[in-house]
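Take the sequences, apply the hints, and build the full model.
First to last, the sequence lines map onto chains A and B. Count along the first sequence from 1, then add 295; that gives the number in our numbering. Count along the second sequence from 1, then add 2; that gives the number in our numbering.
Misleading hints may appear alongside valid ones.
Covered by chain A, per the in silico footprint, the following chain B stretches (three or more residues, Cβ under 8 Å) [what the hints assert, rightly or not]:
#1 24–34
#2 150–159
#3 182–194
These are calculated hints, taken from the structure and not from any lab test. Note that beta-carbon positions come from the ideal geometry of N, C-alpha and C, so glycine has one too.
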Amino acid sequence: MPLIEFEGVAHDYVVGATGGRPVVHDLDLRLDEHRIAVIGGNGSGKSTFARMLNALIVPTSGTVRVDGLDTAKDARAVRRKVGFCFTDPDAQIVMPTVAEDVAFGLRRRGLSKHEIAERVDSVLSRFGLAGHRDHPAHLLSGGQKQLLALASVLVTTPQLLVMDEPTTLLDLANTRILAETVRDLDEQVVVVSHDLEFIADFDRVLVFADGAVVCDDKPALAVRHYRALVESR
Amino acid sequence: MTTSLGLFHPGTSIVHRAPAGLKLALLVAAAVGTHWLGSPARIGYAALGVAALYALARIPVRVAWAQVRPLLVLMVVLGAFQTIVAGWRAAVVIVGALVLLAALAALVTLTTRTTALVDTVVRVLGPLRHVGVDPERIGLLLALGIRAVPVVAGFAAEVRDAQRARGLTASPTAFAVPLIVRSLRHADAQGDALLARGFED
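Now the structure itself:
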C-alpha cells in the first residue's frame, strides 16, 4: 500500500482581507492500511483532508506526501497515483455516454485505441455496466452513476482511491453494491462518510472534529468515540 | 426531465459509419451552401434532403423533433420580424435555412460519438500547436459543451419543479437566478473533477 504522510499540516481558507479561517490543523498522520475511513460532523475538515490527498487542495503549512510524492510540488504525478470520487457523480461525468466517459481518463496516456477499448470493456464488465455502454450517462440511475464514476477512476489504475461521501445520494441497495465493490478493491481506499455502517469493517477510522483528528482507532471504538462526541455537544 | 437534444443515438446506418471528419466537412459546406437557398421552393427541397438524411440514419421522428423544438419560440419571433420588415418569402428563407442548419448539426452529433468528434477536432487543429493552440483543450471544450446540454436542461426542469412546489408563478428572474447559480456551481465542481482526472494543464 502507498504510504500517506501528513506532517504538521494545516490549511486556512482566505476570508476577505483579514486573513484565514483554519479548516484543518495539527495533522500528523502515517496511513498505510488498506481501507481507511474518515468520519465527523459537517464542517469538521473531512473533505478538505480528502482533497489534500490528490492535491485538489494543498496545505498552507506542513507537508502531505503520497507514496513519497509531495502534493504541493508533484501535483500531476500525485493525481496519477490517486483517483478521486466526488459526492455528486454528475459533476464528475464529463462525456455524454458511459463508455466514452470511462475512456476519457485514458486520453493523454499514450495508449492505443485497442488498449483503451480493452480496458474500458473490462472495467464496464467489472461494474455491471457493460449493457449500458452506449447509453447517455445522464439517464443512468443514481447508483449506476456512482458506479460509473468509480469505474472511470479505476480504469486509470490508481494506487489510492479517495471517495468523498460516496453513499450520500444512494439508496440501500446501491449502497450495498458500492460497499461490496469497495470491499473487493485491491487499491488502497480512503472513504469520507457519514454512513457508519458502510465503514464498519474498515481497517482504520479517523474521527475529525473542528479541523483535527480527535480519534484514530478501529471502527467500533472510533464510532463509539464519535457518538459520544456528538452527544456531549 | 430528460433530453435527447444533440446526444449520440447509437446505430449502424451509413450515416453513423461515415467518418466524423467527412460529416463535419459536409456540415461546413452546408453552412456555406445556405447562401444559395434563396427561395421558399429551394428551402422546401433542402428540407426534403435533410429529412431523407434523418431517415437514412434511422433517427426516430420523436428524437428528430426534439432537435428543432427548442428553436421554435425564437424562430417564430424571428419569422414574424422578417415578415414585417422583408416579407414572408424572406422570412421563410431565413428561418428555414437556420432550422435546417441546426437540424444538420444535430444529425452530426446524433450519429457521431463525441470521442470521434473530439479526435477529429484535435487532429484538424494539430498544426496550430506551433502557434500555442492546445487542440486537446479545444476538443475537451467541445465534449463539455455537448455534455452540458442535458445537465443544464435537467437543472432547468428541477428549478421549474421547485417553483411549482412552492406555488410560485412563472417569473423569469426566479427561474434564471437559481438556474445560473446551479450551472456555475456545477461548472466549479466539474473543474475540480477535471483536475482530479488529470486534466490540469
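Taking the hints in turn, this is what the structure says about them:
With a cut-off of 8 Å between beta carbons, the stretch 24–34 of chain B has 0 residues touching chain A; three or more are needed, and the interface restraint is violated. With 3 residues having a beta carbon nearer than 8 Å to a beta carbon of chain A, the stretch 150–159 of chain B meets the requirement of three or more and the stated coverage holds. Using a Cβ-Cβ cut-off of 8 Å, 4 residues of the stretch 182–194 of chain B lie near chain A, which meets the minimum of three, so the contact claim holds.
Comparing the model with each earlier hint shows a violation of hint 1 alone; every other hint is respected.
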